[in-house]
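Same order as they appear, the protein sequences are chains D and H.
Residues 1 to 230 (the numbering used here) make up the first sequence, in order.
Residues 1001 to 1604 (the numbering used here) make up the second sequence, in order.
Some clues are possibly wrong.
Unchecked claim - Facing chain H, according to a computed beta carbon distance under 10 Å, are these residues of chain D, among others:
id : residue
1  : V120
2  : V147
3  : G171
4  : A174
5  : I176
6  : D179
By construction, these hints were calculated from the structure, which means they are not laboratory data.
Heads up, the beta-carbon is just placed ideally off N, CA and C, and yes, glycines get one too.
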Amino acid sequence: MSDIKFTIDGKECSAKSGQTIVEAAKDNGVYIPTLCHFDGLKPAGTCRICTVKVGGRNMAACTTPVTNGMVVENKTPELEDARKAIIEMLFVEGNHMCPTCEKSGNCELQALGYRYLMMVPRFPFLFPKRAVDASSPKLYIDKNRCVQCLRCVRGVTSADGRKVFGLVMRGGHAQISMDNELVAQLSDAEALKAMELCPVGAILRKEVGYAVPIGKRKYDTMPIGSDIEK
Amino acid sequence: MGTNIETTVKHVIEKYQRNKTRLLDIVRDVQSELGCVSDETIIKIAKELNLSKVDVEGVVTFYHFFSKTPVGKYAVYLNNNPTAYLMGRAAVAKAFEEEIGISFGQTTSDGQIGLFDTSCIGMNDQEPAAIINDVIFTNLTPDKVKALVKDMKNGLSAQDMVKESGEGNNQNELIKAMVKNNIQRKGPVYFTDQEAGIGLKKALSMKPEEVIEEIKKSNLRGRGGAGFPTGMKWEFCRQAEGDRKFMICNADEGEPGTFKDRVLLTEKPEMLFEGMAIGGYAVGAENGVLYLRAEYMYMKNYLENVLKTLREKNILGKNAGGKDGFNFDITIQMGAGAYVCGEESALIESAEGKRGEPRNRPPFPVQKGFMDLPTSVNNVETYCSATRIIVEGGDWFKKMGTAQSSGTKVLSVSGDCKKPGIYEVEFGTTVQTLLEMVEGRTAKAVQVGGPSGKCIGKKDFGKRICYDELATGGSMMIFGPDRDLLDIVHNFMEFFVEESCGWCVPCRAGNVLLLNKLETIMAGKGTDKDLTELESWCKIVKSMSRCGLGQTSPNPIESTLQNFREIYEAKVQKDSDYVPSFDLAEAVKASCKAAGRIPNLGEH
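Isolated chain H, as found in the complex (with noise of 0.2 Å):
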């Protein structure tokens, strides 16, 4: 085993060119041939890069999917998002438990299957949903669990247990998932039949100022969710110093309810690479990266192959779009499972091979991102909008949506409505028109822009889509008359304690204290006074935390105990203004029936 360590690592570490900043990449490629990166490996691949032990464990023990103890020749990863328990999780997780004759978080002896939970995986309007070694397996039944765990057990290669087909690019020999699009609503921006390379075409033939000026009249914003500007992020990064800028896509889709950009991915990738083309150019950057959540790793090679092809047809590379001395190129950095990576800075961290963590700022990206050099992080779909505005025009762009939300966006519908999928909507549309177009009008409330964003009831339903109103990043989560929604903020709050990184004490210590005082008052024992604390905590947490995980983690109570209060109302001992945690009678029940007495728990 020892020796097999040290090949191992010694090879993959070669493969990497002993480069330190391809930490995760080498992580990666050990486990899958190891089983696991266990400390002896750790140890192992330190000294090779000379690193210190710590560096290697802390990236290692930082990310969902890398693991120190084995996790199974095949590692199933089951989401437990809560739209994956309204389509039935619980039998389908009891399913797997039975067959396989495991718990979640265990491996079998023989080493052959682990099970284990993980937080959304983008397939929301198709669950319940796991992920087996790269291969997604959608719309899971008991019956169907039973069909794959016998499969694992004959030996199957995880892509040899896909019976189904996807839809679109999804059923390319280079992909072969079975994962359907369901884009049930086309609009003028994304979905259309562009011809590759024309709008690079056009940036090259304008000055980089002028494509900037251009994105900027389009009033194009952030479509992560954040909605900073994106002409003005391309301007201070075209206007900061650096002897090389970086164009990243952010493409590591987190927020749990989005699935709009695994979707941009495969159907439009030539539309995105276009767009990071266009803003290379306009920042004066040469190098593009692409990164990629860790759960998307099963379009990995058709992506490749798409950049092969733009490659060949020179629209990038070596005087990409045909402009000489313009020579821009898109590699694909892989993640490996944390949602905090979906922030810019924790993302180029990783990009980097380390931990997730964000960065302090000042300094901004913008200035010094990705190596410490200048660096614009966009979003998947905010860079398919600047493709069509070049093409198109600002004007065009400006035209749709409101004043302060310009265009249109991607939706990822999910939950309790007819039809879920993908919906390009303008900006302004109401939760009610969204409703009706999904046929979800039962709805007692829908999650807009995913657990970070707001749970809403029908008083506001009448409200716009746009970022000065209902802002969503995509995630739209409908939830219909029976679901119990405190369940559904357990599950959220559940989620942000596992994904917070831990650096700063109120989002660490505060969530999980969240979490407790919430479990408090659904087992029936709070009072008022524990939702007036619970409150004011959430207050401190969201202004004292040091990036958007820890300032919005605390909204799903928030929000909820603005909107639903009368679900907690309902839990807490109104007469009472303190219920005890400890039960006396329940403690010394044992060692009374021990000793013969009966206790007399009145005097006490």
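In isolation and in its complexed conformation, chain D is listed as follows (with noise of 0.2 Å):
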């Protein structure tokens, strides 16, 4: 039931009630570049990339309900500006070596770089030493690629529902951290999936990699978002 009216950069759009904004301007084919957003997850709005422009403010559209007679800017020069630095924030702040990483080609961090035409990031990198931890039998995760989104937080749990993954630490030295016991008992699919639901390679399965050719993966032939341009 598309019982709500509303626009994107002047587009009427239309939208069912309780959708995000992102999840209507989908339905619509209008791409607001996301990263931290996973269909099906509970919003976080940690990246913050899919910030908008609603009555003269910003949020993020990953969060916030879409309402009848909203006006959403979009594509505006200032936003697209802003959403790049934080591409390019995200750049600095990790130790991302695209062409030995395994998700070179599916990464969306890295499909976001070439979709904003990011060619130097504006800030000096910044280099941190960060732990690979391959301590688990079936994952291993390396913080060095890590964007904090919270993925693997909010969408892998134990049976009995206790966190997997959790944030600890805070401000710059935040960072994901996994309960080894739990982590030990993931079956195989649940660490596939904990896998694929990080959108860079910080998440990797054990004993597998590298399996689709250059040319085959995600991101290879077309730029992320235009699946929902089309």
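Can you join these two chains into the complex? Each is in its own frame, and there are hints to help.
Below, the structure written as structure tokens:
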């Protein structure tokens, strides 16, 4: 039931009650860039890349419900530049070596970098010292690549509903940590799901990898978002 | 050790009825027993509460006063606010290091004394100040530090190390703190001797809607700084559907330079608790929670006793205020050291025993707050105002102040002035008038509203203190003509980097990048281009961050770039558009010396 009318950059759109701006935009063929968003997970609003302007105020499109008569600004030069700045922040905040990363070609951060024509980040690299945690039998976490989208935190839980991944520390030191006991109990399918939830190459399955050849990877031929804009 | 951990954890968890929402209290008690909360302890707590290890680790590592490594039998936390530096903090810090024999961030090898930096502890009018095992020590000097360290080495309890007496209720048996109130100017609203209970009695004779109407009529706005109309907040909360509702008092006074709530809490707690009961009656809540910052632990027993007395007087508890069926009571929830918990939804998360990360909105706390039930979170001063408004009337309150900002405001004044302390002034008072009152006429800059506010110079001293001109939650820091403002800006940016919760990218990474850029400029390696970039990065962080912290954290840089641009201009290299951060000559010095070569850098 399309009971809500709203506009994005002047385009007339309709939405179902309860939809967020990101979900409604997608249904109307409008791409709003996202990174921490994942269909079916509770929105977290960590990356802020989906920031749009509504009534003169910036808000995250992934956490804001669409309302009737809403006027959404999406592709303004100001917003596009700020989104690009966030992508650049993520590149300098971690250590992202695309050519050697298994997720290259399937990585959403990399794909956003291409879509936003990022050449050299405007910010100086921070080159943080981050750990690789390979203590779990099925998975390893490379924190150098983690963008702290919290998809794994939201999407992977133990059989009794406990968090397998969680955020520890705060500020620039904040990082993902895992409950080793609970990670060890994950089935192969659940471990694969954790890897698929990760938009970058931070959570990877052990003993498998580089299975998809170059040319057949998700973003090899079409930029991210083009499936929505079709 | 293993069994000690097991026994302690079990015992503490039983004490809190295995309640997960009391995780902050559990961690605090366990830490005070064991000296830290190690990985082994974290796993044990998680097992006992049927939580994931990362849930507990997330909480332990989020809060400043929790630690995975031993903090020492005596944990010394020395405030590192700029005002503390103005008052001699550097010498005091050095004395602590020399007398104890360790650096900041360390604990002595015998596990006796730990020494740590901490953000503003709400004692800015009596700096340098420190907290040792929840006990406050103010107006420190190197000599006093020597005596304190000697006492610690002799095994005195922190309380027995207090040699001076404080003012007002700080002298009470249940506080015994050396804290001074420095109430320099009393106004008509807060520092009156109003009999406890008369405000509530009057409110209870009205309909709840009438109470809200009266608050709306007064035009009372939130005193924490954001200035949301209180009557409207209560109305939304009243209208929201929920089996139970909550009134929370935000006593997480964390904005550097603010200490007015500290004074209201010890001197006017009855007025505050009465205001919470009035609010509870207005919105239909029966539970009140005072969320008290960890730094104010020293007043907890006293406040518990005030609550007990109010229950005995039937102002709180069953049929509160003598109203049949109105059962309103208040509990105290301690924080654990996190500035971001001043943000209301982060405060609620923290009160539920979790990391103090702000929530996404909607829903707003008035719809879904504490335990997902409708909750009104108001500041200490706001509740005190409500009590007075009910007694004197909304019109009385509205007559004071300006059109948009009615009533008076309690200011916390510190820094370069002769009379630091508490000032209750009418909204609309200019900064110039305030500077005359506090005898700080030589000021070259005033930090209005703390680091998240604005740093203003002489040309703006004629502006008025009110929500629509110069908004402040109460913090007013004065900087004299000889102060290096860039040092102060740097201190504030370090504060925000430390206090960002880390949830969203622009705040987490952006503040670090701003701080680094500022340091480049301060080191004389900046250019005009760096200033332009700094300005544009400030805008990005402000406009893209999720909560008030990131939306204001660039303010120290932004407002000084606007009002004191010359201090930046003096540092940048005018005739260059690029200054290498890498010194090639320096980098090859050692290898050239080893090889006996003279580097010829001209060729490169």
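Evaluated hints:
no.	hint	verdict
1	V120	violated, 14 Å
2	V147	holds, 8 Å
3	G171	holds, 4 Å
4	A174	holds, 3 Å
5	I176	holds, 9 Å
6	D179	holds, 4 Å
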